[in-house]
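J.: Assembly of the complex is requested from the two constituent chains, each provided in isolation within its own frame, with the hints serving as guidance.
If you want the building blocks of each chain, they are given just below.
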Amino acid sequence: MSFFGFEQNNDLENEKRRFLEGGLSGAKQEDVAVYTWGEENYDGLGDALLEGGDELNDETFGATGDIGKDFDFSGTALPEHEKAAPSQSAHLPQTGQSQQQPSQPSQKASHLESPHSSQLDAIWGNKSPFSVLPRSNGSSRAVDQLATQSPKYTHKPASLNLGPDLHKGVHTLEEIEKEMLAAAAAQHRLQQQQQQQQQQQQADEHSLQRELQQLQLQEQMLHQQHQPASPNLLQSPTRAHAQRPPVGIQHTATPPPRMHPHSQSPRFHQQQQQHQIHLLQMQQQQQQQQRQLLELQEQRERQQRQQLLQLQEQLKLEELERQQQQHRLQQQQLQEQQYIQNHLIHQRGISPALSDLHHRGLSPAMGERARRVGRQSPAVMTPQVPLDVPFAQNMQYLPQNIQMQQRLLAEMAQAEFLSTMQGPGHSERDAREARELQEMLRVEAMRKIMEAERMEEKRKRKLDKIAHMSRYNDLMTQSDKDFITRIQVSQLVTQDPYADDFYAQVYGAILRSRMGIATSEDRVLRFGSGGGVGLGLGQKVPGRRQSAMQRMEAQVERIVNNARLREKEKTSLNNLQGALGRTSGRSYKAAPRQLLQVDTSNASTSPTTSHVTAAHISKADSTKQEGEGAAREAAKMGREALAVATEGLVRREPLTHRETLVKLEHLYDLVLDVEQRRRDQPPPEEVEEFEQWTTECNAIIDQIFDELMVSEPLETSKPHPFVSLITPIKGKKLLPRVARIFELQRMQVLLTLIVACFLQLDVVTQAPLLDTLEETREVKELEAQTQAFQNSVVQSILPVIAKAQMRLVVGLFGILLDECTIQTLVMTRPGIALLTLFFSRVEVLRHNVATGSEVEELPTPEEMQRWHMMYNLLFDMLRPHLQLLFPSVRLALQANTTFVNIPNADVMDQPVWQFLATLAVHANEEQQQALVTGLREIVLENVATATKGWGNDSEERRRLRLANVNIFLHALGLDSSQITL
Amino acid sequence: MDASSSGIQEPFDLIRLSLSERVFVKLRGDRELTGVLHAYDGHMNLILSDVEETIMIVDQVEGAPEGHATVNVAKRKMEMLFVRGDGVILVSPPSRT
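Chains as they are written, first to last, in the UniProt record's numbering: chain H, 1 to 981; chain R, 1 to 97.
Only chain R is shown next, with the shape it has when bound in the complex (with noise of 0.2 Å):
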C-alpha cells in the first residue's frame, strides 16, 4: 500500500496508527521497550502502558578479546511509563508473526 492511499503524510502518522496498540521502543544506553502506546507528542515522549523494558549490559571480560563481550540482559516490567523523546532512536510495531 503506498503512502498515499493510506493516508500517511509524515512519520508521526505512522506512530499514530500505533495508538492503544503494542509497539517496540528502542532507545539510547541499550534499552528496549515493549508497551502499549497510550500517547505520544512531537518530541516523541510517549506514555505506555504494560511495560517491558529490556536493558543490554555489555560486559568487557578481563583478558577476552575484543568484541567478545559478554552481554547480560536485565528487564524489568512497569505498569505505566512515561518515556522522554529524547532517548526514543526508534518506534515500531511488533513484529507479527
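Extracted from the complex, chain H is given alone in its bound form (with noise of 0.2 Å):
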C-alpha cells in the first residue's frame, strides 16, 4: 500500500496479476487517461474550466427534457436491443470511435453470444442457496455475483448508466436505428461484434488497472500540488458517479470524436469511473473550448503514464474485486432487462424442477409463464433488496431468511423432481395422482418450512428479549441486594409480631385445625426479646417458595442480630476505651430520624398499642386522666356536698359520646391484651411464672371491669356510664369478650346493672321509632343496633340468667315491675326478649322444683310467692294492651292497613308469640282465658290466613304464621288445628 506516499516498485506481482486476470500488456494501460486533480503535476488546467451558471445548465445538472426510450431500459422491447448492439458496433469506425467503446449494448451483445452467457444464464437460473453467498475471488464468481447483483440497477438505469458508456450508447442505438433502417453490413456487424468483444474484455482488465492507478492517485492526492476546480469528480470514484448529471440527446445528437483524441490507445477502454469523468469533461468541453480539454486530457494521460509507472500491486484482492464487479454492473444494465423479461425464464431451464415448482406454486394449471415469474421467490424477483449492497463481499450480510428460502425452495426442488422422475410415461391418471400427491407434498413441505421458520423466529425473539434483559445483569451487587432486602425487612419487624400478624396467624391456626395438622406454635419469628416477624399462613407447598421464605427467615434472623450486635457494641462502653475527651454519642448525619419507632416500654403491656402507631391512648394517659378525673370529681364532689348532703354519691354529667369512645377504645386495647395473654398462658407445672401470668390477668381484668364502671352507682348519671359504653355497636360487642373473661359473680352484677338500666338503653328508648314501615337511616340505624344488642348483649346475659337462682330472677324482675313501665318495656325487642329469659328461666326453676332435681337451685316459697304476686301484677298491666305487643298490629295501627298486610309481618311477631306462650306459661286458668281472649282476634286472623292463604302469602310464610300461633297455642295445650273458622 502507499497510503503514505511511499511507493512500492513491485513490478513482478503486478505483471502477474494483469496477466491473471486476462489482461492486456502493460503499456497499453499507460495509455489511460487520469484526472490528477489536486495531484502535484496537475496542470491546473481544471480552474480555467468556466464553473459558473451552472444552476441554469439543466442538461448537466438538471433532469430535465426527454431523455426518450434510448435510456429506459426498464421496459425496453428486446428485439430492439439485440439488433441494436451489432449495428452499433459496426457503425462505431464511422464516428471514429471504434476502439473505445465498452459499450452497454455492445457488451449486452457479445455477452448473449458469447460463451458466457449460457454461464450468465445459469446463474440466473441458478437457484441453490449458494448463488446467494459470497464467492471467492476470481473472474467468473464475480460475473456471477455481478449477475445476481445487477437486477439493483434495472429500476434506475438512467442514473446507472455511466457517462461515456450512455454517451456511446445512445450514439450507437441512434446509429442502430439507421441501421436497422439501412439493414446492411451483416457480416461486417458480427466481425465487429467479436472484435469489439475483445475489446470489451481488454477495457475490462484495462479498466481495473485505471481503477488501481485511480485508487493510488486518491490516495496520494493530498501530497499533489495542481488543485483542480472541482476536485471531488476525482476524489471519490462514487461521489462523481453520484453527481454524474443525466445525460440527455444533446450528446447522442453530438458525437464527440475529439473526447478520446488518442483513440487508437487501449486507455480508451477505460473502467467506468474514469469515463464518468471522462463524461463531464465532455460537458464542460461543449460549454468551453475543445482545446481546453484536449489539452487537460493530455496532460491527464501523462499524469496517468507516470501514475502506472509508480502503481504497484498494493491494492488488496478486495479492491480488486470491488473493481471488476463495478465494471460488470454495466454489463448487466442491458443484460438484465433481456433476462428478466425473456431469458430468465428460458435460462430457468438449467434447473427445471425449480422452474417447475415456481409453476407449480403458482397454480396447478401449466404454462403460465407471466404468473410464474410473479411467484418467484424474492431473491429472484425483487432483487434489489437483497442486492443493495454493491458488493458481492456483502453478499453474506444477507438477511438469512433469503438463503433460507432458497435452500428451502432447492429442497422442495428435489422433491418434485423426484416425485416427477419416479412416474415417467404413466397415464394421464396417474400422473394427475402424482401431481396431487405433489402438491400434497408441495402443501406439506410449505407448512413444515413455515412452521420451521416461525419456531425459529420464536426462538430468535426470545433469545433477543433474554440478551435485552442481561443488559441489567448484575447492576445490583450482593451487597445492593442485602440493603435492600435491609429496608424491606425493617418494615416488617415489629414488636409483637403474632398480633400484628393476627389475622393471619388466626386464620392459619384455623385451616390448620381443619386440615389435622397439631401444630399449635406460632407462625412466627422471633428475635430473642423483641421484635420479630410474622410468617402468615404457612406454607402448604414444599418447594421453591418454601425455600425461599426459609432463606428469607435466615436472613431475617441474621441481619437483626447484626443490628442487635451493633447496637450493644455502640451502647457498651467499650467503644469508649481510648477515645479522648467528649464523644457524641451519635451525630445527627448518621442517626437521620427513625422512621419506624417502637415503644418498647408499652410492649409489654398491650398488643395493639405496639403496633398500631395510633395507639397513644396508653396505660401512662389513661391513669394520667383517672388522676384529673379524680380531681374532678374531687372538686365535683366537694359542690355537690353542699347541695346533697346526705347523698353518698358522686353525681356526674353522663359520659360524652367522645368519652366513650375513648374509653371504649381503651377497653379493647385491655380486652385484646388480655385474650393475647390467655394465648400465652404458660404451662401451670411452671408454677412461677403461671402465677405472674395470673396475677397480670386479674389486674387486667380487674381494670376492665373497673373501667366498664359497673359498679358506679345507679345515681351516677343518666343514663348510667356503663349504658353510655354500650351505646355504640362496638361497645355492645365489647360485652360477649368480656363476657368470657368475667367470672359469674362479676357477670351477674352486669345483668343487674343493665336490668336496672334497662329504660335508659338506646334501643329501649328509640324502640317506638321502629314502629315505621320507612326505611330512613335512623330506622336502619337503630335496626343493627337493635340487632347488635339482642345477638351480643343478650347473648351474654343469657348464659347468666340461665343460671341464675330464683331469688335473683325475683329480684331483677322486682326492678323492672318497679322501675320501668312494663307498657314501654313489652313494646320493645329488648324488652320482650329479657322478659321471656325470665320467663323460661322460672319455668326451668318450676320444673326442678316439680321433678325434684337441682335441688340446690331450689326456689323458697317465699321466693314463688313472691314471684307469684309479681307476675299476677305483670298480667294485670299487659291484659288491656295484649294485641298491641305485636310490631305488626302497631305498624297496622298507624298504616291503618290489617296487621297481615304488613310485611315480613310474622319475623317481627316471632319474639312476641315465644314471650306470650311462656307467659301463658305461668297463666293460671282465669288468666289463660283472658289471654284467649285478648288474643283470639289475631290468632283467628293468622290461622284463617295460614289455612286459607287469603293474603296472597308464600307457602313459607303461612307455614311460619302458623308455627307462630302454634307456639301460643300449644303453651295453652290447644293447637291450631282445633281452631275451626
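Please keep in mind that the hints were generated in silico from the structure rather than gathered at the bench.
Each hint should be verified, as a subset may be incorrect.
[As the list claims (entries may be wrong)] Mimicking DSBU-like on lysine-lysine, the simulated pairs with C-alpha atoms at most 30 Å apart in a straight line are: (1) K26/R <-> K780/H; (2) K730/H <-> K26/R; (3) K77/R <-> K733/H; (4) K481/H <-> K77/R; (5) K75/R <-> K780/H; (6) K26/R <-> K733/H; (7) K730/H <-> K75/R; (8) K77/R <-> K780/H.
[Stated by the list, open to error] If the Cβ cut is set under 8 Å, some of the chain R residues that face chain H in the computed set are: (9) L19; (10) S20; (11) E21; (12) R31.
[What the hints assert, rightly or not] Listed below are several chain R residues computed to face chain H (Cβ distance under 10 Å; list not exhaustive): (13) I8; (14) D50; (15) E52; (16) E53; (17) T54.
The beta-carbon is built from N, C-alpha and C at its ideal position, and this holds for glycine as well.
T.: Dropping the structure here:
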C-alpha cells in the first residue's frame, strides 16, 4: 500500500496479476487518461473551466428533458436491443470510436452471443442457496455475483449508466436505428462484434488497472499540488458517480470524436469511473472550448502514465474485486432486462425442477409464465432488496431468511423432481394423481417450512429478549440486594409479631386444625426479647417458594442479630475505650429521624398499642386521665356536698359520646391484651410463671371491670356510664368478649346493672322509632343497634340468667316492675327478649321443683310466692294491651291496614308469640282465658290466612305464621288445627 | 374535654375513636361518603361498609353567568368499600342531633 506516498515497485506482481486477469500488456495501460486534480503534477487547467451558471445548465445538472426511450432500460423491448448492439458496433468505425467502446449494447450483445452467456444464464437460473452466498475472488465468480447483483439497477438504469458508456450507447443506438433502416452490413457487424468483444475484455482488464491506479491517485492526492476546480470528481468515484448528471439527447446528436483523441490507445477502454469523468469533461468542453479539454486530457494522460509507472500491486484483493464488480455491473444493465423479461424463463431451464416448482407454486395449470414470474422467490424477483449492497462480499450479510428460503426452495424442487422422476410414462390419471400427491407433499413441505420458520423466529425473539434483559445483569451487587432486603425487612419487624399478623395467624391456625395438623405454635419468627416477623399462613406446598421463605427467615434473623449486635456495641462502654475528650454518641448526620419507632415500654402491656402507631391511648395516659378525673370529681364532690349532703354518691355528667369512644378504645386494648395473654398462658407446671401470669391477667381483668363502670352507683348519671359505654355498636360487641373473661359474680353485677338501667338503653328508648315502615337511615341504624343488642348483650347475659337462682330472677323482675313501666318495655324487642328470658328461667326452676332435680337451686316458697304476686301484677298491666305487643299490629294501626298485610309481620311477631307462650305457661286458668280472649282475633286471623292462603302469601310465610300461632296455643295446651273457622 | 384527658395525641387517634362508627368522609373530586369505618392506616386508606357516596356534578350552563352553575347530585350505595387514602380530604363523625 502506498497510503503515505511510499511507492512499492512491485512490478513482477503487478504483471502477474494483470496476466491472471487476462489483461493485456502493460503498455496499453500507460495511455489511460487520469484526472489529476489535486495532484502534484496537475497542470491547473481545471481552474480554467467555466464553472458558473451551472444552475441553469439543465443538461448537466438538471433532470429535464425527454431522455427518450433509449435510456428506458426498464421497459425496453428486447428485439430492439438485440438489433441495436451489432449495428452499433458496425457503425463505430465511422465515428472514429471503434476502439473505445465498452458500450453497453455491445457488451450485452457480446454476452449474449459469447460462451459467457450460458454462464450468466446459469447464474440467473441458479436457485441454489450458494448463488446468493459470497464468492471467492476470481473473474468468473465475480461475474456470477454481478449477475445476481445487477438487477438492483433495473429500476434506475439512467442513473447508473455511466457517462461515456451511456454516451456511446446512445450514439450507437441512434446509429442502430439507421442501420436497421438500411438493413445492411450484417457480416461486417458480426466481425465487429467479435472485435468488440475482444476489446471489451481488454477494456475490463484495463479498467481494473485504471481503477487501481485511480485509487492510488486518490491516496496520493494530498501530496499533489495541482488543485483542480472540482477535485471531488476524481476524489471519489462514487461521488462522481452520484454527481453524474443525466446525459441528454444533445450528446447523442453530437458525438464527440475529440473526446478521446488518442483513439487507438487502449486506455480508451477505461473503467467506468474514468468514463464518468470523461463525460463530465466532455460536457464542460461543450460549454467551453475543445482545445482546453484536449490539453487537459493530454495532461491527464501524461500524469497517468507517470502514475502507472509508479503503480504497484498494493491493493488488496477486495479492492480488485470491487473494481471488477463495478465494471460488470454496467455490463449487466442491458442484459438484465432481457434476462428478466425473456431469457429468465428460458434460463431457468437449467434448473428445470425449480422452474417447475415455481410454476406449480403458482397454479396447477401449466404454462403460465407471467404468473410464474410473479411467484418467483424474493431473491429473484425483487433483487433490489438483497442486492442493495453493491459488493458481493456483502452478500453474506443478506437476511438469512432469503438464504433459507432459497435452500428450502431447492429442497422442494428436489423433492418435486424426484416425484416427477418416479412416474414417467404413466397414464394421464397417474400423472394427475402424482401431481396431487406432489401438491400434497408440497403443501406439507410448505407447512413444515413455515413451522420451522415460525419456531426459528420465536426462538430468535426469545433470545433477543433474553439478551435485551441481560443488559441489566449484575447491575446490583450482593450488598445492594442485601441493603434493599434490610429495608424491606425493617418494615416487617415489630414488637409483637403475633398481634401484627393476627388475622393471618388465627386463620392459619384454623386452617391447620381443619387439616388435622396439630401445630399449636405460632407462625412467628421471634428475635430474642423483642421484635419479630409474622410469617403469615403456613406454607402448604413445599418447593421453591418455601425454600425462599426459609432463606428469607434466615436472612432476616441474621440481619436483626447483626443490628442488635451493632447496637450493643454502640451502647457498651467498650467503644469509649481510648476515646479522648468528649464523645458524641451519635452525629445527626449519621442518625436520621427514625421512621419506625417502636415503643418498647408499651409493648409488654398491650399488643395493639405496639403495632398501631395511633395507639397513644396508653396506660400512662389513662392513669393521668384518671388522676385528673379524680381531681375534678373531688371538686365536684365538694360542690355537691354542699347541695346534697345526705347523698353519699358522686353525681356527674353522663359520658359524652367521645369520652365513651375513648374509653371503649382503651377497653378494647385491655381486652385484646387479656386475650393475647390467654393465648400465651404458660404451662401450670411452671408455678412461678403461672402465678405471675395469673396475677397479671387478673389485674387487667379488674381494670376492665373498673373501666366498664359497672359498679358505679345507679344514680351516678343518667344514662349510666355503663349504658353510655354500650350505646355504640362496638360497646355492645365488647360485652361477649368481656363476658368470657369475667367470672359469674361479676356478670351478675353486670346483668343487674343492665336490668336496672334497661329503660336507659338506647335500643329501648328509641324502640318506638322502629314501628314504622319507612326505611330512613335512623331506622336502619337503630335496627342495626337492636340487632347488635340482641346478638351481643342478650347473648352474653343469657347464660347468666340461665344459671340465675330464683332469688336473683325475682329480684331483677322486681326491679323491672318497680322501675320501669312494663308497657314501654313490652313494646320493645329487647324488653320482650328479657322478659322471655326471665319467664323461661322461672319455668325451668318450677320444673325443677316439680321433678325435684337441681336441689341446691330450688326456690324457697317465699320466692315463689313473690314471683306469683309479681306475675299477676305484670299480667294485669299487660292485659289491656295484649294486641299491641305485636309489632305488626302497631304498624298496622299506623298504616291503617290489617296486620296481616304488614310485610315480614311473622318474623317481627315471632318473639312476641314466644313471649306470650311463656306468659301463658305461668298463667292460671283465669289468666289463660283472658289471654285467649285478648288474642282471639289475631289468632283467628293468622290461622285463617295461613290455612286458607288469603293473603297471597308464600307457602313458607304461611307455615311460619301457623308455627307462630302454635307456639302460643301449645303453651295453652291447644293447637291451631282445633280451631274451626 | 381537653386533649390530654381524652388521650388524644395525634390526629389518627381521633380516627381510631370512630372505628366501627359511622363516619363522614370527604374526598377529592367533589365526592363524599358516609359509612361505617372498619379500618384505616397511616395513608388514610379506609375500609367502609354500608357506604353511601355522594357525587357533586357541577354543570356550567351555557350562557349562564359565572357562579350560576347547577349542581347535580348523584348518589350510590355500596356494601363495602376500600377508599384509597390519597383521595381523602376529611374524616369526621357524622353530625349528631
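J.: Was the hint right that R31/R lines chain H, CB cutoff 8 Å?
T.: violated, 19 Å
J.: Would you mind confirming whether the straight-line C-alpha gap from K26/R to K733/H stays at or under 30 Å?
T.: Satisfied, since the Cα-Cα distance of roughly 28 Å is no more than 30 Å.
J.: Is the Cα-Cα distance between K75/R and K780/H 30 Å or less?
T.: holds, 18 Å
J.: Per the CB criterion, is E53/R less than 10 Å away from chain H?
T.: Status violated, d = 14 Å.
J.: Check whether the Cα positions of K730/H and K26/R lie no farther apart than 30 Å.
T.: holds, 24 Å
J.: Is the interface hint for S20/R satisfied, with its Cβ closer than 8 Å to some Cβ of chain H?
T.: holds, 4 Å
J.: Given L19/R was flagged as interface, is its beta-carbon under 8 Å from a beta-carbon of chain H?
T.: OK, holds: L19/R within 8 Å of chain H, min 7 Å.
J.: Given the hint that K26/R pairs with K780/H, does the C-alpha gap stay at or below 30 Å?
T.: Holds: K26/R and K780/H sit about 22 Å apart, inside 30 Å.
J.: For the pair supplied as a hint, K730/H and K75/R, is the alpha-carbon distance within the 30 Å limit?
T.: holds, 28 Å
J.: Quick one, are K481/H and K77/R close enough, alpha carbons at most 30 Å?
T.: violated, 46 Å
J.: Hint I8/R vs chain H: min CB-CB distance below 10 Å?
T.: holds, 8 Å
J.: So, as I understand it, the hint says D50/R touches chain H; can you test that by seeing if any CB pair is closer than 10 Å?
T.: This interface hint holds because 8 Å falls under the 10 Å limit.
The structure fails to meet hints 4, 12, 16, 17 from the earlier list, while all remaining hints are met.
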